[in-house]
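Number of protein chains: 4
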Amino acid sequence: MTVRVGVIGTGNIGADHVRRLSRQVSGARVTAVFDVAAQRAQDVARDVGAVAHPGWSGLVDAEDVDAVVIASPGPLHAEQVLACIDAGKPVLCEKPLATTGEDALKVIEAEVALGRRLVQVGFMRRYDRAYRVVKAAMDDGSIGEPLLAHMVHRNASVPDTFTSDMSMTDSVIHEIDTIRWLFDQEIVATTVVASKPSPLAAGRLRDPQLVLFKLTDGAVVNVEVFVNCRYGYDVRCEVVGSEGSVSMDNPSTNALLRAGRRAESVPADWRVRFDLAYLEEMQEWVDGLAKGVVSGPSSWDGYAAAVVANRAVHALAEGTRSLVELVDRPVLYS
Amino acid sequence: MTVRVGVIGTGNIGADHVRRLSRQVSGARVTAVFDVAAQRAQDVARDVGAVAHPGWSGLVDAEDVDAVVIASPGPLHAEQVLACIDAGKPVLCEKPLATTGEDALKVIEAEVALGRRLVQVGFMRRYDRAYRVVKAAMDDGSIGEPLLAHMVHRNASVPDTFTSDMSMTDSVIHEIDTIRWLFDQEIVATTVVASKPSPLAAGRLRDPQLVLFKLTDGAVVNVEVFVNCRYGYDVRCEVVGSEGSVSMDNPSTNALLRAGRRAESVPADWRVRFDLAYLEEMQEWVDGLAKGVVSGPSSWDGYAAAVVANRAVHALAEGTRSLVELVDRPVLYS
Amino acid sequence: MTVRVGVIGTGNIGADHVRRLSRQVSGARVTAVFDVAAQRAQDVARDVGAVAHPGWSGLVDAEDVDAVVIASPGPLHAEQVLACIDAGKPVLCEKPLATTGEDALKVIEAEVALGRRLVQVGFMRRYDRAYRVVKAAMDDGSIGEPLLAHMVHRNASVPDTFTSDMSMTDSVIHEIDTIRWLFDQEIVATTVVASKPSPLAAGRLRDPQLVLFKLTDGAVVNVEVFVNCRYGYDVRCEVVGSEGSVSMDNPSTNALLRAGRRAESVPADWRVRFDLAYLEEMQEWVDGLAKGVVSGPSSWDGYAAAVVANRAVHALAEGTRSLVELVDRPVLYS
Amino acid sequence: MTVRVGVIGTGNIGADHVRRLSRQVSGARVTAVFDVAAQRAQDVARDVGAVAHPGWSGLVDAEDVDAVVIASPGPLHAEQVLACIDAGKPVLCEKPLATTGEDALKVIEAEVALGRRLVQVGFMRRYDRAYRVVKAAMDDGSIGEPLLAHMVHRNASVPDTFTSDMSMTDSVIHEIDTIRWLFDQEIVATTVVASKPSPLAAGRLRDPQLVLFKLTDGAVVNVEVFVNCRYGYDVRCEVVGSEGSVSMDNPSTNALLRAGRRAESVPADWRVRFDLAYLEEMQEWVDGLAKGVVSGPSSWDGYAAAVVANRAVHALAEGTRSLVELVDRPVLYS
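Read top to bottom, the protein sequences are chains A, B, C and D. Numbering of the first sequence is given in numbering that gives the first Met the number 0, commencing with residue 0 and proceeding in unit increments. Numbering of the second sequence is given in numbering that gives the first Met the number 0, commencing with residue 0 and proceeding in unit increments. Numbering of the third sequence is given in numbering that gives the first Met the number 0, commencing with residue 0 and proceeding in unit increments. Numbering of the fourth sequence is given in numbering that gives the first Met the number 0, commencing with residue 0 and proceeding in unit increments.
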């Protein structure tokens, strides 16, 4: 059985997904795409033999679309996901699930009302081998009881339109999901400290920043977010436990000795670093669909991440510690 | 278009290929399998919805088989590849292409007679990212002129039936192809030196051994082969040039700090180390077939590797330097 | 000329200093020692041909003592340093210079009154090669403008008498000096967050903790202090700048491949990690004395570190951000 | 007691030794120096308060010289060492002990006639911490039974006067001693293979070369020597055993992330890499002298290294495997 997928949004990420589903994932085929930039949608569609739809809701309802991938701008996600639930179609929604906790809650309510999961949120790091090694070491007792973690999230640069809030809602949101997943706990409070700003950060962007998260059991996680580090894309973490520590750094296999230096490459961006994670994510999603199962990061994960990210925005703006309050977790997500 | 593949041999490697083609490769489907162990073939076939054939030649000729993968015992390869050529079907043959240079030559002659390439040999390392980084650094001038290389090839252990000759024909043959590919040159001579034997090597197996290869332009490559190293699968190389050096070690992303040690995992075996290379190899092969192109390691590569491996066996047995003589390279492979 | 040194305190650190000055440092000789444990002092004295004094003040005044090393318990340091200044003798005082800012100020006042430096504080990290590489990269522009730093300070274990305050005054105080020295700035504020306590931390010790420091120019530094990490002594730092980042990890030269792992040793304790730094510190101190110069970490550095450490103790106790206020820096220390 | 040292030869290495003995080694003083370049000798002497002698034999016999360090050109070593033995004075002779096995034998005979050791050969690597870790892992069973080793010896560049023979007698001689010491065995045969020559190697210098050594128990060691590698000084080794492998690479503590690269420094030359080893060597030598003991690398080690190096020169010239024959080892060196 081949899963027929419709993709909403054919910008960079969306076009990558179309290509991946068409050329690298087994058991899937892209039959429909939509983008507000009609020409771009048609180009992508032609390349893989899909149809470019004039509107996203038509794509959701199309007969030859078994499942939907959403890679449109974040503010549109909640409405589009709700439409998929309404149509009874599985949907993989790029992060964020919603830009507010309230909107994310609507998705949860709709899914709970339906009584089964249709939604997966695109937190692809959970499919990354290196992160999985970290999680395994936490779960199998290798480091004793996890007590504390350090995360680093650096991008080479960002567009001029990038804001301090987006450091939380676009970048740190990945760390938020990673922390929740690794520790299998919720985040209960957050503080944000802006460091001395990089002279290379545009306009009023506060960059780098240091974010502290407190978890249910008291563990503290600090996240450095720096979106103008210049030298590359650098995502790392270390989880410290009572008996040891497990860490993850950039993949390293090759070294070049030249001119007094032993050098290794740093990934240029997240596509280089996480291409295999995206592939695993998609393949597992498609494999699950073939069996009628949705098992990846859930609406609940998307909701919690959105709420925490927004509390971090609040903490930065107010210069205070912000508490995180979540609704009770529905049984569907336990 | 979906490429329908028949797989001859459903032992470990063959079964992996069946699973990979069925579940991970886009655009392929396994329609037919064969194995002398009929039950094993049937189990594998049932798992992916293929037909288990009673003989390999029937599989080659089957209407619903567009292309063949050969993962049978090495001594059968040449005959089976010839049958595929005869049937005009593309074939991906696991190494070795043949156990003798003479048999490999027959394949070349058949393919040359046909006038187009149908055969690809399963030297999967050419699809490994880390090896590709080494090759890129050699090709783009990063290390100046390549002058010398060191290779290490270690297996944790081998079955009792493994012989000193097999160290060359089964293990070093991968290094032989890697060397030829990286340097884009032929090997012209080889010497083999058995070191002090490991007390853990069974029977008369000489292990570890050191193999020297001389290339057309005078560059020397030394290969350590050690198939009882106990601690894991460890494949490395370093190419030294006039301006620098490029090296490849085991992939490293995670570290565990515990009990006085900072530890990283070593791959347990070649399946762990090269699973992504196999996937790339298969996906590229299938993508090529869809376009009517076979472009991976050729019969010529299989022939040269077989000849060199056999000369290394000779060098070990005689304790001398053995010269390598190849026929002229047909235009088809230039 | 040989500098004749008197050593006050012959516990672990003091005995190390005696041995080092006698056997490894060129141009020095230990002529006098004192310890409240008279037998221990006599054993150490006999070993190197020194005299064991019955009181520390007699040692300070002894004719055959050109300079003094203080390795007694911290609460005695200020009084003993003041006696050395009174006697006009150079003194190398182990950290802390004093346990309160007030006492440290008395030392500064005495030295300022004298009009020249006699005091060096034993912040040995400034003599460590790896830390010097970090500082060099900050000073030569390699990382652009320094913006933020991460420090890790882990000890395998501590005695049952160790308290949460001591995490600041005994352990973090080294980070405080390191930060001030690397950035060449003062610390203006600090916050301390206790993480989930290790079940292996004795009694009421809060461990691990995360300490944030803000510097004059706005740069933020976070320090993880964990004195029960079990696996070894692990001191690291990374300084992130606008153009790059420089980091320091445990020294690594050897690896052991065995049983599925590639393992490197982690230092067991600070003596293993910093033995060469101590040697450099002592040699440079003695070399300076021979030329009549005291140039290492000053009373001012000792004062500032004591004040900041005490503010961190306050921040932990009160759960608030504590501001650091220092007196004006005397010209003597500029 | 202070050991008064006379230093013959005040070129780079000799001047380093003078400075080290005067400023960094405890318990030693340089009282006399000699160099054919009289001005250079006087400059060095003035700097440390020593006397510049008009001839080396006068220095050896001087009353205020307790022990001698020889850092003159290699061809003079044997004669000067013999004079020291004649004078009954301990001598630390830089490698080589002699340029021929015959001359080295004369030293052995003189020392054996005297009945006690006076001579130490300057194989400083035995004092290097990283090499000691390798040896410890071989001796304590960590890698099982040592079976094979790989050594790399690269220099950034050499003067135009450097010859292919000197690759053996100046560079590989360090590897020869290292191998003998690590394995605690003699070398019984050697083969040399010149690789494709670097276009940057001057004149007729064959560079790089690959040298194979066979040890008494059959273990094989291969050494790459490359004295024009350009990028730095790079000395490494890996010893492979029946249960594991231990390796040594350049010291690594710091990394710089910048411009797409994670870079570590490679030592510029042997002085950077081995400065601490030289210091340990000298301190241990001086400590031993104070106790009347000479215990470092012996005349026998110098003899064996000289013989093996010369056999390697022969092997290169003749293109054959050269057997190594040593006289019986005198009891004095057992």
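By construction, these hints were calculated from the structure, which means they are not laboratory data. Careful: at least some of the hints might be erroneous.
Pairs count within a copy or across copies, as identical chains cannot be separated in the list.
Cross-link-like lysine to aspartate or glutamate pairs, in silico, EDC-like; alpha carbons within 20 Å at most [stated by the list, open to error]:
| no. | residue 1 | residue 2 |
| --- | --- | --- |
| 1 | K213 | E317 |
| 2 | K88 | D139 |
| 3 | K195 | E242 |
| 4 | K195 | D216 |
| 5 | K105 | E62 |
| 6 | K134 | E263 |
| 7 | K195 | D327 |
| 8 | K290 | D46 |
| 9 | K195 | D164 |
| 10 | K195 | D15 |
| 11 | K195 | E185 |
| 12 | K88 | E242 |
| 13 | K105 | E324 |
| 14 | K195 | E144 |
| 15 | K105 | D327 |
| 16 | K195 | D63 |
| 17 | K195 | D102 |
| 18 | K195 | D85 |
| 19 | K105 | E317 |
| 20 | K290 | E185 |
| 21 | K195 | D138 |
| 22 | K105 | D268 |
| 23 | K195 | D159 |
The model shown is predicted, which means the values in this text are computed figures rather than measured ones.
Hints violated by the structure (listed by number, smallest first): 2, 5, 7, 10, 12, 16, 17, 18, 19, 20 and 22
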